[in-house]
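Undergrad: Place chain C on chain H using the hints.
Chains H and C supply the protein sequences, listed in that same order.
Numbering-wise (the numbering used here), the first sequence opens with residue 1 and increments by one.
Numbering-wise (the numbering used here), the second sequence opens with residue 1 and increments by one.
Some hints here could point you the wrong way.
[What the hints assert, rightly or not] Dumping the calculated DSBU-like pairs for lysine-lysine here, alpha-carbon to alpha-carbon at most 30 Å:
#1 C:118 x H:83
#2 C:67 x C:164
#3 H:80 x C:118
#4 C:13 x C:58
#5 C:13 x C:67
#6 C:117 x H:58
#7 C:67 x H:80
#8 C:13 x H:80
#9 H:82 x C:58
#10 H:58 x C:118
#11 C:117 x H:83
#12 C:67 x H:58
#13 C:13 x H:82
#14 C:164 x H:58
Simulated from the structure, these hints should not be mistaken for laboratory data.
Nothing here was measured: the structure is a model prediction, and the numbers come from that model.
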Amino acid sequence: MGEPVECRDSERMSLFMSQALDGLLAAADRQVLEGHLAVCPACRAEWQAMQQVSALFKSAEMVGPRLGFATRVERRLADKAKKRRRLFGGAAVLTGSLSLAAVTAAVVAVIVLGVVAGNWLNVLPEVKEGTNTVSQIASGVNLVGKGASLFLGDLLRSFGVPMVIGVGIALALLVVVWVWVAVKRPGGYHHNGIA
Amino acid sequence: MDEERAWIEGALKGDQAAFGRLVQAYERPVYNLTYRLLHDAVEAEDAAQETFLRAYDKLATYQPERKFVNWLLSIASHYCIDILRRRGRAPQLSLDGPLPPQWLASDAQRPDQTVDKKQQQEQVRQMLELLEPAYRAAVVLRYWYDLSYEEIAEAMGTTESAIKSRLHRARRMLAGHLQAA
Chain H
1 MGEPVECRDS
11 ERMSLFMSQA
21 LDGLLAAADR
31 QVLEGHLAVC
41 PACRAEWQAM
51 QQVSALFKSA
61 EMVGPRLGFA
71 TRVERRLADK
81 AKKRRRLFGG
91 AAVLTGSLSL
101 AAVTAAVVAV
111 IVLGVVAGNW
121 LNVLPEVKEG
131 TNTVSQIASG
141 VNLVGKGASL
151 FLGDLLRSFG
161 VPMVIGVGIA
171 LALLVVVWVW
181 VAVKRPGGYH
191 HNGIA
Chain C
1 MDEERAWIEG
11 ALKGDQAAFG
21 RLVQAYERPV
31 YNLTYRLLHD
41 AVEAEDAAQE
51 TFLRAYDKLA
61 TYQPERKFVN
71 WLLSIASHYC
81 IDILRRRGRA
91 PQLSLDGPLP
101 PQWLASDAQR
111 PDQTVDKKQQ
121 QEQVRQMLEL
131 LEPAYRAAVV
141 LRYWYDLSYE
151 EIAEAMGTTE
161 SAIKSRLHRA
171 RRMLAGHLQA
181 A
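Chain H with its partners taken away, still in its complex shape (with noise of 0.2 Å):
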């Protein structure tokens, strides 16, 4: 079989056989085509081995997976959901831990750093002997809101007000994020009702 000649027009008529295949082709542009294959050998035979490609992708089978992949689907979903539940966990525990630990570290400081300060500074509340049990508790709290306020006044002194600050919302965050992990944690996926 000789080489057709080289045609000048044919990315536009590949393009009308192209779309001619996905019957797209308007009309007017069908009888282009037609008309230029009728004298076209290079096109003619582009057309043919284009109907040939088209004609062995339209005959082949859609191919299915092996028997029980919606099983092995299931499977997978359960795996990960359990792996994400243990890093949820892990990270859960974490914050919290560091949370409580913070916020009890925290407000012993505040007790301890506090009685000391009012002790210092001799202007603690009296608790007198011999007065009711709820006068003796309110004196209590106003001594420990003394050396409390005592002590936050001595650490924006000694640290300046941005750094208190943020130690404070640092503290807040942690504890936003133990409980945002807490509520968030993922539930399983359970493959075939069984966990």
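TA: Below, chain C alone, put in the same frame as chain H:
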């Protein structure tokens, strides 16, 4: 379709059996796409599974006005194209490149009648493998799923004119190879 909608809503509420039904309903089209793109049964199985895992994670983003199967095919085609690009296996098509020996046989003229299924599958595989990933995906979505240009464009995240051009170029390249025989 109503059944499908019910499965999707069930899966969104955490009903695993409902998601299982979706997997069973669409495992074949999803696997066929991954297989036609990757040409390896093990990789295709893994990619098809990964498609469903991603679909499960992103189910809340699915828009009901779109066909669910097309949404799955979109996830699968993006995933497979990424794999193919990472591999760097494609593109291999050059108009001067050698033609696979099977194509030289005269029975390639009437593949549906003269070659057995296994040989036919091999021819399809070799032809598709000549195309670069984005072209291959467009061809598969067009021929095996009969998607419109618009649907292919949506699945592949591109424009209709890009799909028109890809299909045209892919057909031209493959026809050129066939003619070179």
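Undergrad: State for each hint whether it applies.
TA: Hint-by-hint comparison with the structure:
{"no.": "1", "hint": "C:118 x H:83", "in the structure": "41 Å, violated"}
{"no.": "2", "hint": "C:67 x C:164", "in the structure": "21 Å, holds"}
{"no.": "3", "hint": "H:80 x C:118", "in the structure": "37 Å, violated"}
{"no.": "4", "hint": "C:13 x C:58", "in the structure": "13 Å, holds"}
{"no.": "5", "hint": "C:13 x C:67", "in the structure": "20 Å, holds"}
{"no.": "6", "hint": "C:117 x H:58", "in the structure": "13 Å, holds"}
{"no.": "7", "hint": "C:67 x H:80", "in the structure": "27 Å, holds"}
{"no.": "8", "hint": "C:13 x H:80", "in the structure": "18 Å, holds"}
{"no.": "9", "hint": "H:82 x C:58", "in the structure": "18 Å, holds"}
{"no.": "10", "hint": "H:58 x C:118", "in the structure": "15 Å, holds"}
{"no.": "11", "hint": "C:117 x H:83", "in the structure": "43 Å, violated"}
{"no.": "12", "hint": "C:67 x H:58", "in the structure": "22 Å, holds"}
{"no.": "13", "hint": "C:13 x H:82", "in the structure": "18 Å, holds"}
{"no.": "14", "hint": "C:164 x H:58", "in the structure": "18 Å, holds"}
Of the numbered hints listed earlier, those contradicted by the structure are 1, 3, 11.
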